[in-house]
Structure formats: C-alpha cells, structure tokens
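Enquirer: Sequence:
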Amino acid sequence: MKLPTTHTPGATPKLGDQHSPLFAIIRDKLRERILSGEFTAGDRLVEGKLSEEMGVSRIPVREALRALASEGLVTIEPRRGASVAILSDDVAYDMVEVRATLEGLNAKLAAQRRDEKTVERLRSFLEQGAEAVRSDTLENFLALNSQFHEMLATIAGNVVLTDLMRSLRDRTALLFAPSNMRRAKQNWDEHSQILNAVIAGNGELANLLATQHVHNAAKAYTEAKRNVQAG
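With numbering that gives the first Met the number 0 applied, the sequence shown corresponds to residues 0 to 230, in that order.
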C-alpha cells in the first residue's frame, strides 16, 4: 500500500506524509521520545502500535528500531521484540570511566585551540542557554546538549577523538539524558562553566569541569534508576 503524500490543510501530518528516508524520521522521533523520558528503561516498543500511531507500515518502524539497537538505546530479543535498553551497573560504570576521560580531553583541547571567532560563537551559545533556562522546556535543553558536544568537538579539532566520542555518546545516551527539568538545568549550569573555561583558554579547568560533569550525570542516572526500582 502506497503511503499518502498529501494531508488535510491544518491537520498534523503523519510521518508517512513527509519527504525523507522514512526509517530515519521514525528513528529520530523514537530517539527523542526515549531521551526525553516519554519511553523509559524496559518499556516495550511494539511495532504494530508504533506503525499505527505514526501512520506508516511496520517495515520502516522495524528498521528504525534496529538502528536504535545499534546505538544501544533499544534491546531486541527473540519472541519478545524491542524494548528500551536497560544498562547494567557494571556496563554503565565502564562507560562513565571512558567517557569522563574523553570529555575531559575534548574540553582541554577546545580551550587550547579556541580563537576569537570561536569565542564569539561560544558566547552566543551561552545566550541561547540562558534563553532555554527562561523557556523552562526540556526539549530545548536536549537540543542544546547535542549542540554543546558537537561545538566543543569542532573546536577541539581532533577527528579521531570526535569519532570515538560520537560512538560512545550514542551508546551512553540513556545514561546521560536528563530525567527531569531540575537535572536538565544542572546540566546546563555545568555546561556553561565548561564553556566559560574554554573561552578563558584554561585547559586544565575545562578538563576538570568536563570530567566532573560526566560523573555528576552518571550519579543522577543512578539515583533516578534507584528511585524507579524502589517504586
């Protein structure tokens, strides 16, 4: 059955109405819902239900779930299907060790390699963060979080480090997604401190703050997980 290409004016279009690789649109939508906390660890992601909700066939939904599984956000099991991944404490700890080291190095390199143009961009980005705080919207913070990491990686200018970190961020996205507005604002406060250290060219401080930020985020995840398990 061919997907529709038009929709009623004023109505919200189904994903099948949009022009883009369909599985990629679905993947991005599902990733956003997982990272925003709409879907939580262990929640089942039923192909039929999702395809009906999004107005598409099961095939692109299945492809999207497989893509998210490769990122570590989704687990797919025989006869049970897909569900939001649950990180074991041991795996989470190992990931935190590695990510803390890489994030610290990335921030240090960015501080050492920033220039006048970079400083202007960082100051502008700090203003965007202040606006997000005023808007009090979790989606805005999630978008800023992604931009923050990409911006620092670009400034640091180490291609190998960027590739390693991008892969690790995909695998640790659940671990570091803010679970509520309070943590989202703490995230931004920590990000802004890192950015200010980079602007000042203080590599050692940027390293220290970025490393501590990773440990703070991991601690928040552990506390949120414990609260869920306690009911």
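Derived from the structure by calculation, the hints contain no laboratory data. Don't take each hint at face value.
No farther apart than 27 Å at their CA atoms in a straight line, the calculated lysine-lysine pairs in the DSSO-like style are these [stated by the list, open to error]:
#1 K28 x K184
#2 K184 x K218
#3 K28 x K48
#4 K48 x K184
#5 K224 x K184
Remember, predicted model here, so these are calculated numbers, not experimental data.
Enquirer: Decide, hint by hint, whether the structure agrees.
Expert: How the hints compare with the structure:
1. K28 x K184: 23 Å, holds
2. K184 x K218: 15 Å, holds
3. K28 x K48: 15 Å, holds
4. K48 x K184: 33 Å, violated
5. K224 x K184: 19 Å, holds
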